[in-house]
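Protein chains: 2
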Amino acid sequence: MQDRLRAAGEAVAAHLDDVLRPFGTDDVAQAMRYATRGGKRIRAMLVLEGALLHGVAQARALWPAAGIEAMHAYSLVHDDLPAMDDDALRRGQPTVHVKWDEATAILTGDALQALAFELVTHPDVGDGELRADLARGLARAAGGQGMVLGQARDIAAETAPRPLDLAEITALQAGKTGALFAWAATCGARMAGADTGALTRYAGALGLAFQIQDDVIDVTGDTGAAGKAVGKDAAANKATFVSLLGLDAARQRAAALVDEARDALSVYGSDAETLRQLAGFVISRKT
Amino acid sequence: MQDRLRAAGEAVAAHLDDVLRPFGTDDVAQAMRYATRGGKRIRAMLVLEGALLHGVAQARALWPAAGIEAMHAYSLVHDDLPAMDDDALRRGQPTVHVKWDEATAILTGDALQALAFELVTHPDVGDGELRADLARGLARAAGGQGMVLGQARDIAAETAPRPLDLAEITALQAGKTGALFAWAATCGARMAGADTGALTRYAGALGLAFQIQDDVIDVTGDTGAAGKAVGKDAAANKATFVSLLGLDAARQRAAALVDEARDALSVYGSDAETLRQLAGFVISRKT
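Here the protein sequences come in this chain order: D and P.
The working numbering numbers the first residue of the first sequence as 1 and each following residue consecutively.
The working numbering numbers the first residue of the second sequence as 1 and each following residue consecutively.
The following block holds chain D by itself, in its conformation from the complex:
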């Protein structure tokens, strides 16, 4: 599975390099390349494996796989800004606003979001209905009722009069992480015109497990291994799955969600083995 994750990452990286070549050498173009390098490529892998599962050619699926990674990269660049999480380190490297400056980071994120839509609507993806459907789904998952809403509530929670409760954090994370996970996991099924129910359930459980593990890493990880600052939630006195459940119960909850994610794939039989392994990876990762 880790080999396939690496291969997916390399294929998407090469595709993004090709796509970004005509963008030239301006700071923003350089920062777009910088910000889309590295990372775990979990979202790209969800797209590529979902496509494989439905007999969709990788040459078609690479476009939305690169698109979701561009969208994810934009969200990280903006999230790291001083006015947001104020992080200096990402994937073990200086964040964009540290390496360049804040204006470049804002514009780089903006350009990466536009790029995501350019990629998912590429003619090679499929017919117009499909491309319009993917773009609209991506817009809804990323916007003010999806990821951005989750991020805004996450930031608001830091100064809220009372900490969030478990239901509120779960809802927040469904927007912040879950909506784009669901888009990525169901993309291949949509490209094949197949039912998206099983992969929607898989992605819902996986996204929540992913976020719980993020909270676990923030408590148990070290900056060197994680490639980003850790211990931030406790320092900000922020409610997390770990602060609300305790470390052991949070880990158990994540493991139960991984089982749930795997069970959701039963309809695919052994063809979905890589996606099952990916679910296990999500809660074993240290970064």
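Please note that the accuracy of each hint is not assured.
Since copy identity is lost for identical chains, a pair holds within one copy or between any two.
[Claimed, not checked] Think about it this way: if two alpha-carbon atoms lie no more than 25 Å apart in a straight line, the pair counts; the simulated SDA-like pairs of lysine to any residue are:
#1 99 <-> 156
#2 99 <-> 86
#3 238 <-> 100
#4 232 <-> 101
#5 238 <-> 285
#6 232 <-> 243
#7 99 <-> 160
#8 99 <-> 162
Source of the hints: derived by calculation from the structure; they are not laboratory data.
On a predicted model such as this, the values are computed, not experimentally measured, just so you know.
Position chain P relative to chain D; hints supplied.
Structure of chain P alone, referenced to chain D:
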């Protein structure tokens, strides 16, 4: 013409209100409504008049008209940020980061960009090929080879070792303003499956005239009438059409571009009268 501009503005504002109602009452949702209010609505009018010219129903055209206004609003919210132009006033009101805070302004811009793509891909716009084509064109016009590139070069020019020359400023503005003007002006023709050549030429000349007039307002306007800070370019010692050509020659150039824009519409005869008047409005406006 001003009546139609007002009517277009009101129709788009009502449409955006409807669209944003389900976004709820979080700060970001409120700021999205705030940032999309007011303004001259020139881009929306280009969409609506281009649609009318080609027999496309307003009910279809309102979606991309609202979409381009959401895109424009996002660019203003981010442009006004402290790390960018650092403006406290926009359309006579406090900018989003002043009324709320920087994090809210960053997220509001991000959500408005996503909203733009959600709107242009709405099923009521037309068939899938059209919606995918509009979304892809919008992504290219807004991104790192269009508007964002122009904005980045505009900011870089403030600290460049030498001022930009006329060719460089013209190229910069073609990205910063021209690309989205062209998308808006040709949208209706695309919706009708008609040729976009005449409207592309119209938009090219109009966009440049618009930007020259912006530079003129920055020199001759006052903040009260303009609803935004003026005199900023001279204070930043920035090359503009006015600093390079002189005030009179800049005005003459804008007037010649308006003639060029009007001439481009000859194929439409008297049907394009409103778009011709809009070109005149662009260089007579004070805000």
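Problem set entry | Hint check against the structure, violated hint numbers in rising order | none
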